[in-house]
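Turn these sequences into a full structure, and let the hints steer you where they fit.
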Amino acid sequence: GATGPRGPTGPGLTSVVGQSTVDATRILVDAGYRVRLYETASRSVAAGFVISQSPAAGAPFAIGGTITLAVSTGPPLVVPVPSVLGLSAQKAAALLGASGFEVQIHIEAEPPPGAPERAASVWKQLPAGGEPLAVDQAVTIWLNP
Numbered sequence: 003g004a005t006g007p008r009g010p011t012g013p014g015l016t017s018v019v020g021q022s023t024v025d026a027t028r029i030l031v032d033a034g035y036r037v038r039l040y041e042t043a044s045r046s047v048a049a050g051f052v053i054s055q056s057p058a059a060g061a062p063f064a065i066g067g068t069i070t071l072a073v074s075t076g077p078p079l080v081v082p083v084p085s086v087l088g089l090s091a092q093k094a095a096a097l098l099g100a101s102g103f104e105v106q107i108h109i110e111a112e113p114p115p116g117a118p119e120r121a122a123s124v125w126k127q128l129p130a131g132g133e134p135l136a137v138d139q140a141v142t143i144w145l146n147p
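So for the sequence shown, the working numbering puts the first residue at 3; every next one is plus one.
Since the hints were made in silico from the structure, they are not lab data. Where is the CB? At the ideal position from N, CA and C, for every residue including glycine. Treat the hints with caution; some may be incorrect.
Claimed, not checked - Across the chosen pairs, the derived CB separations fall in these ranges:
id, residue 1, residue 2, range
1, A33, Q106, 41 to 47 Å
2, S17, A111, 29 to 35 Å
3, E104, G60, 29 to 35 Å
4, A61, G99, 33 to 39 Å
5, R120, T70, 43 to 49 Å
6, R28, P82, 39 to 45 Å
7, G20, D138, 18 to 24 Å
8, S17, R120, 21 to 27 Å
9, R120, P82, 47 to 53 Å
Shown next as structure tokens:
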């Protein structure tokens with residue numbers, strides 16, 4: 003079902019993707035719609051410009067309904083990757099997640115000479131601790147079984 007108010011529909015939504023937030027909001031409000039904005043990082047769309055809209059352009063939508071616009075904050079922040087060597091998978095994932103990184107875990111025995119005290123702990127990570135990485139990217143960790 004429709005999520006907008008019942009009533010007359012416009013001629014189909016205009017695309018405001020690629021417009022500045024100010025222009026996009028003005029265009030939609032002038033056409034009788036309400037606008038909700040949310041910000042997200044983008045490598046391809048400059049800060050302050052619309053990445054996407056929902057409902058999409060061309061969709062019939064009731065006048066007075068709310069259109070959601072994703073607005074770019076620019077490229078994601080780049081920060082040094084924390085070193086998680088020797089940590090448990092849970093602690094490593096929590097530390098990396100708190101820094102804004104995705105985590106990929108491979109369970110694989112450390113090559114000889116592995117140390118028994120490192121069982122169930124991280125023995126390798128890519129990128130290495132201290133390397134710069136965009137916060138929305140993945141860090142891969144290798145965990146001893």
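Range hint 47 to 53 Å (beta carbons of R120 and P82) holds or violated: violated, 24 Å
Is it true that the C-beta distance of S17 to R120 lies inside 21 to 27 Å, as the hint says? Cβ of S17 to Cβ of R120: about 54 Å, so the range 21 to 27 Å is violated.
Do the Cβ positions of A33 and Q106 conform to the proposed distance bound of 41 to 47 Å? Given a distance of about 44 Å, which is inside 41 to 47 Å, the answer is holds.
Has the hinted range 29 to 35 Å been met by the Cβ atoms of S17 and A111? violated, 53 Å
Is the hinted range of 29 to 35 Å satisfied by the C-beta distance from E104 to G60? Once the Cβ atoms are compared, 34 Å apart, the range 29 to 35 Å for G60 and E104 holds.
Quick check on a hinted range of 33 to 39 Å for A61 and G99, using CB atoms only. holds, 36 Å
Per the hint of 18 to 24 Å, is the separation of the Cβ atoms of G20 and D138 within bounds? holds, 21 Å
Return holds or violated for the Cβ distance of R120 and T70 against the range 43 to 49 Å. The hint (43 to 49 Å, Cβ to Cβ) holds, given that R120 and T70 are roughly 47 Å apart.
Please test the hint of 39 to 45 Å on the beta carbon pair from R28 and P82. holds, 41 Å
Hint compliance for this structure: hints 2, 8 and 9 are broken, all remaining hints hold.
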